[in-house]
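As given, the protein sequences belong to chains A and B, one line each in that order. The numbering of the first sequence is my numbering, which starts it at 14 and goes up by one. The numbering of the second sequence is my numbering, which starts it at 3 and goes up by one.
Please keep in mind that the hints were generated in silico from the structure rather than gathered at the bench. Be aware that a few hints might be false.
Chain B stretches covered by chain A per the calculated footprint, using a threshold of three residues with CB under 8 Å from any CB of chain A [said to hold, decoys possible]:
#: 1; segment: 56-70
#: 2; segment: 143-157
To give a feel for the contact side, a few chain A residues facing chain B, derived at Cβ under 10 Å [claimed, not checked]:
#: 3; residue: Pro-99
#: 4; residue: Asp-104
#: 5; residue: Lys-108
#: 6; residue: Leu-141
#: 7; residue: Phe-143
#: 8; residue: Val-145
#: 9; residue: Phe-171
#: 10; residue: Leu-172
#: 11; residue: Thr-278
#: 12; residue: Met-279
Every residue, glycine too, gets a C-beta built ideally from N, C-alpha and C.
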Amino acid sequence: MPDLRPFLVLGLALGGVFALSGVGIVVLYRATGVLNLAYGAVGALGALIAWSLINDLLLPDWVAYLVAVLFGGVVTLLYGMLFGAPLAQRDPLIKAVGTLGFTLILLGTMSWAWSYQAHSLILPTTELGFDVGEVRVNGTQILGLGLGLAVTGVAAAFLRYTKLGVAMRSLANHREITATLGVPVRRVEAAAWFGSGLLSGATGLLLSTLVGLDIVGLTFLVIASLSAALIGRLESLVVTMAAGLAIGVVQAFLTPFDTVGPYRTMTPFLFAIVALLWFGFGQPRLSRA
Amino acid sequence: MSVADEHSTEVSVGGRPARTARAALAGIERPVAVRAGLVAVLFLVVLIGLPGLVSTFWLQIATNVAIYSIVTLSLAVLVGRVGMVSLGQIALLAVGGWVALRLGFGTGLPFPLLLLATGLITGAIGVLIGLPALRLSGLYLALITLMAAAAITVVLQVTNFPNGGSGLLGYSGARAGTVSSALHRPDLLASTSAFFRTVVIVAALMFALAAVHVRSRAGRAWAAIRQSQPSAIAAGVNVTLYKMWAFALASFMTGVAGGLLATSTGGLSTYAFPAQDSITVLAVVLMGGVYSFWGPVVAAVLLKLLPEILKNWGLPPDLLTILFGLGVLQVMLTAPAGLAVQVPKDLANLARLVRRRVAPG
């Protein structure tokens with residue numbers, strides 16, 4: 014039996030980021046009914062922009078990171094404003110396919126402007142670190158897990174206790190009735206797009222440090238977060254977080270085993286497939302009416 | 003609800019039923035005959051003429067277009083006829099290629115039988131994946147196919163395509179690089195033009211198979227399911243059976259395409275089937291149009307010919323990815339029937355406009 018403790022650290026950090034982005038996906042879905050499949054691509058583009066700001070324009074790191082996170086918010090908001098409203102009355106499938114179009118636009122832009130060459134982005138927190146027993150833990154890993162937990166807590170409290178959060182929840186229930194009640198629907202939706210976009214920007218930065226700044230890889234890591242979100246039935250933030258952590262840890266634990274190790278990146282997909290089938294059979298009407 | 007659902011009314015108003023009614027009123031079926039003749043002439047020109055007109059390089063591209071038109075056709079049938087969105091079609095194509103190579107190295111089946119067996123086995127695999135997923139609808143079916151595609155991609159990268167090694171997986175690291183991973187072609191098909199013609203004929207057979215299905219009982223059942231699943235059940239349609247049938251048919255066709263791809267020059271590599279290609283395929287299929295059989299042809303041209311033309315002009319093919327993304331959004335917003343329907347409609351509108359301008363009064 015190999016020593017699993019270093020992998021627990023890796024897994025919790027990665028799981029924290031999955032949880033973070035899973036929460037971003039769920040918040041947006043609850044408010045607008047859009048399953049944003051471009052989530053990973055937005056984060057990847059943000060990370061690439063940060064890379065260019067640091068390496069080409071020689072700006073201070075913190076400016077670049079701030080720009081990357083803000084970029085996530087702004088570009089997601091822009092999509093939401095341009096295409097969210099016209100598609101608002103349509104089926105969830107159509108809305109999701111729309112974000113696939115958005116994904117392709119972002120993917121094309123990235124591979125055109127940055128090409129598929131290797132980039133690397135290491136957050137400065139990686140240099141901070143301490144030892145727990147014999148295992149080295151670095152600052153980015155703490156940041157990943159901490160941000161995942163904190164964002165879940167803050168988002169849950171936000172949806173429960175603030176006026177804007179309650180408006181988002183009521184939007185999720187019924188758009189028209191919410192509008193009749195005098196809630197500024199477009200503004201509330203814009204807030205959800207922007208907030209979720211900020212999270213995708215942060216996710217991109219963290220993942221490019223923890224996993225690597227790879228355009229396609231980052232874009233499709235959205236699937237892992239999506240799995241967490243699906244296990245949370247696109248509704249429960251706490252379950253999404255727990256699922257994100259579980260996926261991260263299981264995936265990391267498989268690493269040292271030769272027979273299953275090479276297949277470890279399948280973990281989120283298998284989690285999602287099982288979850289979808291389980292919910293599909295348990296509750297035939299999974300989709301929002 | 004599905005992509006097809008939402009626009010079915012729009013399409014049946016502007017599309018076939020109205021035209022059939024007009025034809026019936028006139029008491030003639032000439033437009034149908036003219037169209038069939040046109041298709042036949044075009045088919046023969048491509049089949050006989052094209053290999054003599056273009057260089058080997060472009061002929062290989064054309065072969066690729068023909069192979070991928072089978073893939074886009076299978077997805078167009080799923081999306082347009084049944085209203086199911088699959089995001090795993092490219093992974094299934096890779097599975098088809100794997101099966102064909104495994105069968106090719108493991109057995110001595112003659113080429114046509116090999117293709118048929120590949121299609122049938124891939125069809126069975128598609129049903130195995132699809133069967134539990136059929137309880138899910140719309141978005142969740144799309145997601146589960148995306149997850150399955152991503153999982154298949156991971157497995158393929160570990161197991162590799164068979165290259166004549168031993169064991170169930172048929173891959174041997176020692177043989178990698180020394181032998182071609184392409185399936186050996188029968189001597190009759192050795193030349194590029196002979197292979198191109200074969201591919202075009204197989205593709206035509208697949209389109210015919212799809213057309214037969216659409217016009218038969220299965221097509222009517224699919225239309226009922228697409229319009230409304232509850233009413234289809236009420237009308238006595240066996241929804242599960244016909245959905246599974248559609249899945250099996252689409253997987254069969256994709257498997258055959260995979261078999262052709264495994265036989266084409268250069269063989270298969272695990273990096274040729276990334277998960278994002280399944281998204282690109284859905285994008286071009288939606289752009290081409292899912293309600294007409296021209297749609298998949300347009301889609302295959304967009305997917306396989308256009309990038310080569312751009313490269314030829316010295317433009318980065320990444321621009322196309324952006325274009326496809328914009329195309330999907332445009333289709334979602336304004337032109338649900340895709341280019342194959344939209345462009346002729348736009349041209350007719352333009353012609354009417356010009357005629358009005360030119361004609362006095």
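Proposed interface contact between Thr-278(A) and chain B, which counts if any beta carbon pair is under 10 Å: holds, 5 Å
Please check whether Asp-104(A) passes as an interface residue: C-beta within 10 Å of a C-beta belonging to chain B. holds, 4 Å
Val-145(A) as an interface hint toward chain B, with CB separation required under 10 Å: violated, 31 Å
Evaluation of the interface hint that places Leu-141(A) against chain B, nearest CB under 10 Å: violated, 33 Å
Would the hint on Phe-171(A) stand, with a C-beta cut-off of 10 Å toward chain B? violated, 26 Å
Within 8 Å of chain A's CB atoms, at least three CB atoms from the segment 56-70 of chain B: coverage verdict: violated (count 0)
Let's test the interface hint: is any C-beta of chain B closer than 10 Å to that of Met-279(A)? Check passed: Cβ of Met-279(A) comes within 5 Å of chain B, closer than 10 Å.
Hint check: 10 Å Cβ-Cβ cutoff, Phe-143(A) to chain B: Where the cut-off is 10 Å and the nearest Cβ of chain B is about 34 Å from Phe-143(A), the hint is violated.
Checking hints one by one. Is Lys-108(A) an interface residue toward chain B, by the C-beta closer than 10 Å rule? holds, 8 Å
Verify the coverage statement for the segment 143-157 of chain B against chain A, using a C-beta to C-beta distance below 8 Å and requiring 3 or more qualifying residues. With 10 residues in contact (Cβ-Cβ under 8 Å with chain A), the coverage given for the segment 143-157 of chain B holds.
Interface hint check: Leu-172(A), Cβ to nearest Cβ on chain B, cutoff 10 Å. Holds or violated? violated, 22 Å
A closest beta-carbon separation below 10 Å is what the hint needs, so does Pro-99(A) meet it against chain B? Given a least distance of 6 Å, the restraint on Pro-99(A) holds.
Checked against the numbered hints above, the structure violates hints 1, 6, 7, 8, 9, 10; every other hint is satisfied.
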